[in-house]
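Participant: Going down the list, the protein sequences come from chains A, B and C.
Take the first sequence: its letter number 52 is residue 55 in the numbering used here, and every next letter is one higher.
Take the second sequence: its letter number 93 is residue 122 in the numbering used here, and every next letter is one higher.
Take the third sequence: its letter number 44 is residue 276 in the numbering used here, and every next letter is one higher.
In short, the hints are calculated from the structure, not lab data.
The beta carbon of each residue, even a glycine, is placed where N, CA and C say it ideally should be.
Errors might be hidden in some of the hints.
Unchecked claim - Partial list, derived from the structure: chain C residues whose beta carbon lies under 10 Å from chain A:
1. 288
2. 320
3. 322
4. 351
What the hints assert, rightly or not - Now the in silico label distances, taken between C-beta atoms and shown as ranges:
5. 50(B) / 62(A): 32 to 40 Å
6. 286(C) / 62(A): 52 to 60 Å
7. 105(A) / 216(B): 22 to 30 Å
8. 107(B) / 235(C): 51 to 59 Å
9. 176(A) / 268(C): 30 to 38 Å
10. 47(B) / 268(C): 50 to 58 Å
11. 104(A) / 284(B): 23 to 31 Å
12. 286(C) / 182(B): 57 to 65 Å
13. 30(B) / 267(C): 48 to 56 Å
14. 182(B) / 235(C): 28 to 36 Å
15. 181(A) / 308(C): 43 to 51 Å
16. 307(C) / 100(A): 39 to 47 Å
17. 151(B) / 15(A): 33 to 41 Å
18. 278(B) / 293(C): 57 to 65 Å
Stated by the list, open to error - Simulated pairs of lysine to aspartate or glutamate, EDC-like, Cα-Cα distance not exceeding 20 Å:
19. 326(C) / 350(C)
20. 84(A) / 376(B)
21. 139(A) / 298(C)
22. 152(B) / 148(A)
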Amino acid sequence: MELNRRDLLRRAFRTGLALFGSAAAFDVVRGDLLAAGVPKAAAPRRAMAVDIARCIAAGDCRECITACHKGHNVPSIADTKREIKWIWKETFERAFPDEAHEFTRQDLKGKEVMTLCNHCENPPCVRVCPTGATWKREDGIVMMDMHRCIGCRYCMAACPYGSRSFNWSDPARVLPVKAANPGYPRRTKGVVEKCSFCDELADTGKLPLCVTACKTGALIFGDLNDAGSDVRKALAGRYALRRKPSLGTGPSVFYLV
Amino acid sequence: MLEKALSGSRLYWSWMLLLALAAAVGFAFYLLQVRDGLVVTGMGRDTSWGLYIGQFTFFVGVAASAVTVVLPYYLHDHRVFGPITILGEFLAISSVIMCLAFIFADMGQPFRILNVFLYPSPKSPMFWDTVVLSGYLALNLLIGWATLGAERKRMPPPRWVKPLIYISIPWAISIHTVTAFIYAGLPDRHLWLSAITAVRFLASAFASGPALLLLLCAAVERFTSFRPGREPRAALSLIIAYAFTAHVFFLILEFFTAYYSGIPAYRHSLGSLFFGADGGAGFMPVMALSAACGAGALVILLMPRLRKNNGAMMAAAVLVFASILLEKGIGFVPAGFNPSPAGALAEYVPTLPELAITAGIWAAGLLVLSALFKITVSVREEA
Amino acid sequence: MRDLRIIIPLLAAVLLAAGLPVLYGLRPGQESSPPKLELPAGEKACVMPADYMRQSHMTLLRQWRESVVRTGDRTPVSAGGKTYEKSLSGTCFKCHAKKSAFCDRCHASLGAAPACWDCHHYTEEVAHGAE
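The following block holds chain A by itself, in its conformation from the complex (with noise of 0.2 Å):
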């Protein structure tokens, strides 16, 4: 049979595209195959639930703030311009200033909620970070490594929430002689830090220790791909906020009102 160029381009492009498709849908069938034969172990999807009836009813309670600021060597700095805190006390309508209005019920109005990061699920704050020095783990926090940090403070204006802190001065200057706590490091001037949902005790099955220290268990801390977790229990019973849905970030901190 006599084959022009034309048709022999035109039957090896054919040929090539059938057997390239065909290696291309079996390598994804037997992918299908593989992951429904072996199941793959999902990683937890950690999140945090803030009653918020029992928070303010512990009062001035500081707990949740003096255990993390002690257990991370979070320097005390009074000029609230140049403070860090990974987790704070907000009032209702600045932390839900579309939930507060004229008439807000007696019992939030003016009263003060946790606000800490919120590990969103679309961070901003990792999208814009230069360096990478921030990113989301697999188990959804929102991790931050100090030691690629540059200083950008971009992540910080990417927050809506306001979570993160900027070393403006050597914390050195300001932390006692004596440390908190020796076994975690403490930060440089011209670094972010945040809250980590506390990697380092998360990573060895342990509780954060905003959690383990609040004595009404208004804070809860689970795996929200386990639906027999504390959290997702709280989620099913309760109606839950969250700081500013709107922008897409989906928080994983949930105010349980």
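With chain A held as given, fit chains B and C onto it using these hints.
Facilitator: This is chains B and C only, laid out in the frame that chain A set:
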């Protein structure tokens, strides 16, 4: 050709020495900042960017404005800018150097700057801004040096310069667009979260850059034998007029959306910038001055009789430059942090070290600019 | 050739200036010896052999840092029958508690100033172990 920057009149040397002194003072304050940290500035947890980043934003615009004198000449054969394209390119070089210096000054850990290149982050506009700014600097250095060198040898520039010039045109637009993307994609920063931010940036860049270039041409005519001529200056005035009018118009558009929509966050942000809030004046004095300068500039720019008058046009250029410097280089960035995520008003006043470092970087930029302009003038004097 | 009268003396002066540090070290009584390190009492072995640590402890620390901080892998390492956490503050300082008696000795003599101490160091009087 560099040696031409090392010979000059007494006036030249006095000017260069003064600039070097100012830069040295700024550098000394910078060493203070390296020692003590950014606590020496007026920035804080809620207003985490201030004068440095504001000035960086402003000067990226000035750098990008070189395209206004390059594009007509190379894309449309409109030769009116012939004598001053090189000045525009050298202005771009010194502006980009100032931008890089401002970023370096603003970083908490500046000696880790290579991390940006060691660990590239394609999702970050700041990563891309570093890339495009470095590329733009390299482009303008190559183009400027090659064209001036060729002019000196009375030869046409080498063939590879043309494609680089063509690349530099969209590249100039890109540097300022990417800079705008740093701001325009941040959720809940309503002063910045607008599609028109990038457009406003470009309009103000194409007004403030040529305004500065016009003033520099006047300075060159005053102090050297090089005469850019009446026609390039008239063309620059037209560009300034159109760009500044567009810039003011875009600002009005922002006001409409902020106030007519009734959405508090947007209104609070823009309102706190222009009118102060919570009983405090905030940036109102800065913006009031900017508006006054702008109004004065518009009067001159929109009346052909005044625009064609040399003295009036110089005044307009100063007013345009001042108005945009105040709005973009001082107000825009720190005011974007208002209101804070908790809804509070964040105060920001630059401190003495911050101002000194900024002045030092201005001096360093002017130093580079003066050296490059001196080389250009000397080459042209030889001809 | 006329210029040789200037070049040769100037060259000799430059070589002398460049050689001064070497000459300084060769003074009589100036014997160069490695710094004496105070080893922790009671401990016989480190996480890696001493030779490796002398040459490459920075590499090890960097690997630990990548593993723990970037990957989240805190699997303890085992050496000599014991397990150790991958932690500078938590493991290394447990034994080498006095930085000035150990780490600083070599670093000072070699002019190495690692930035690690900015964050990973506390005063020596503090007892370790709590987390």
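Participant: The structure should be examined with respect to each hint, and the outcome stated for every one.
Facilitator: Hints and how they fare:
1. 288: 19 Å, violated
2. 320: Since the shortest Cβ distance to chain A is 8 Å, the answer is holds.
3. 322: Where the cut-off is 10 Å and the nearest Cβ of chain A is about 5 Å from residue 322(C), the hint holds.
4. 351: Holds - the Cβ of residue 351(C) comes within 10 Å of chain A, reaching about 4 Å at its closest.
5. 50(B) / 62(A): 32 to 40 Å: 60 Å, violated
6. 286(C) / 62(A): 52 to 60 Å: 57 Å, holds
7. 105(A) / 216(B): 22 to 30 Å: 27 Å, holds
8. 107(B) / 235(C): 51 to 59 Å: Once the Cβ atoms are compared, 56 Å apart, the range 51 to 59 Å for residue 235(C) and residue 107(B) holds.
9. 176(A) / 268(C): 30 to 38 Å: 33 Å, holds
10. 47(B) / 268(C): 50 to 58 Å: 55 Å, holds
11. 104(A) / 284(B): 23 to 31 Å: The hint (23 to 31 Å, Cβ to Cβ) holds, given that residue 104(A) and residue 284(B) are roughly 27 Å apart.
12. 286(C) / 182(B): 57 to 65 Å: Given range 57 to 65 Å: holds, Cβ gap about 59 Å.
13. 30(B) / 267(C): 48 to 56 Å: For residue 30(B) and residue 267(C) the Cβ distance comes to about 53 Å; the hint holds.
14. 182(B) / 235(C): 28 to 36 Å: 32 Å, holds
15. 181(A) / 308(C): 43 to 51 Å: For residue 181(A) and residue 308(C) the Cβ distance comes to about 27 Å; the hint is violated.
16. 307(C) / 100(A): 39 to 47 Å: For residue 100(A) against residue 307(C), whose Cβ atoms are near 44 Å apart, the range 39 to 47 Å holds.
17. 151(B) / 15(A): 33 to 41 Å: Check passed, 36 Å falls within 33 to 41 Å.
18. 278(B) / 293(C): 57 to 65 Å: Roughly 58 Å apart at Cβ, these two residues keep to the hinted range, so it holds.
19. 326(C) / 350(C): 18 Å, holds
20. 84(A) / 376(B): This hinted pair holds, its Cα atoms lying about 9 Å apart.
21. 139(A) / 298(C): 15 Å, holds
22. 152(B) / 148(A): 18 Å, holds
In summary, the structure is inconsistent with hints 1, 5, 15 from the numbered list given earlier, while agreeing with the others.
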